[in-house]
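I would like the entire structure built from these sequences, with the hints used as guidance.
Read in order, the letters of the sequence shown are residues 53 to 359 in the numbering used here.
Incorrect hints may have been included.
[What the hints assert, rightly or not] Ranges of calculated distance between the beta carbons of each label pair, as one might list FRET restraints: (1) Lys156 with Val242: 28 to 38 Å; (2) Asn338 with Gln105: 27 to 37 Å; (3) Asp83 with Asp250: 42 to 52 Å; (4) Lys76 with Asp306: 41 to 51 Å.
[As the list claims (entries may be wrong)] Derived DSSO-like pairs: lysine-lysine, alpha-carbon spacing no greater than 27 Å straight-line: (5) Lys114 with Lys76; (6) Lys307 with Lys251; (7) Lys76 with Lys121; (8) Lys121 with Lys156; (9) Lys251 with Lys318; (10) Lys121 with Lys80; (11) Lys205 with Lys121; (12) Lys205 with Lys156; (13) Lys236 with Lys114; (14) Lys205 with Lys236; (15) Lys114 with Lys80; (16) Lys156 with Lys114; (17) Lys307 with Lys76; (18) Lys156 with Lys80.
Treat the hints as calculated values from the structure; they're not laboratory data. Predicted model, so just to flag it, every value in this text is computed and none were measured. Beta carbons are placed, not taken as given, at the ideal position from N, Cα and C, and that holds for glycine.
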Amino acid sequence: MSTWLKKILLVKKSNYSDTEVNLKVVGKTGDTTVVANFEIDGATENTAVTAFQVEDVYMTTKIGDFNVKAGDFASGTTAMGGEIDNGGRSIGKVDINTTIGGVKLGYAVAHNSANDYDVYGTDAAAVYGSYDLAGHTIGFKDDSDSYTIVGAKGSVAGIDYRIEQKDNDSSTTGDVLFYEIGGKVGGLNVSYAAIDADKASAVTEDDSAIFAREMAAANVGLPGVNGVNQITASTVIDGTTVTAKIGELTGIADKQDAAFTQISAKRTLASGTTINVSYDDYETHNIDVGSTMTDTQVFEIDLSVAF
53 MSTWLKKILL VKKSNYSDTE VNLKVVGKTG DTTVVANFEI DGATENTAVT AFQVEDVYMT
113 TKIGDFNVKA GDFASGTTAM GGEIDNGGRS IGKVDINTTI GGVKLGYAVA HNSANDYDVY
173 GTDAAAVYGS YDLAGHTIGF KDDSDSYTIV GAKGSVAGID YRIEQKDNDS STTGDVLFYE
233 IGGKVGGLNV SYAAIDADKA SAVTEDDSAI FAREMAAANV GLPGVNGVNQ ITASTVIDGT
293 TVTAKIGELT GIADKQDAAF TQISAKRTLA SGTTINVSYD DYETHNIDVG STMTDTQVFE
353 IDLSVAF
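What follows is the structure, given as structure tokens:
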């Protein structure tokens, strides 16, 4: 499957456009699947620069009762600690797991620092596990050299929740708490999500599936920021999903909180085409207390065609 994606942005009266093509190739035989993802970037900001790169190359298979995934790939933000640690692509990942007596147990290792198992060193390894109990999933992930994450997710009386606590072995890094709760109110899906970190550098995820503005940028914690919180409300109107996100990046003692708002509308068109229109309005982070805040407005149109 290939996907054509074009973005049109308006930032403080400045025009920006970019064209990106993503190509996914999948081969399957029996229990073994091989996947390769390619990305082609076109000219950017009137410069005739193109780039071609291999994003993911990996295989999944079964060996007896064990599930194996190996290669170069990214991990999703829905994984344990996914909204805290950057799940970016890394080289030489191997993930092996199995289920024993209803308990899922696994071992994962990666061979560079840009991965979600250990962002502090090379050849990082982690053990993890989870157990489903009456609609709740309780899990953990542990790297003996760096951290321990424990968490739970599920639903209580129609209220969905997800909570994760990361305890870093190094006191200079600090610990992180992430949580999200939500449910349906009338025709609205409403949720509240937050991250509270001892230090900004403890959060490295920069491609959040939840937050419109993130604590981390380029895998480095934003200076002067130690948390983020957000209220989200969404509904479907005549086949269009409309979502509003309102929140703030919380500043450390000598920095101001930076508020943000995002409103988006997403609709599926004919033949697998989707269009997403969004408007962002946010204050600049890392501003000293008593200093003047500045606003940035961004209007974006994403058009994606799959064939």
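Open item on the list: Hint by hint, where does the structure go against what was stated? Just the numbers, ascending.
Closed with: Hint check: 9, 13 and 17 fail, others pass.
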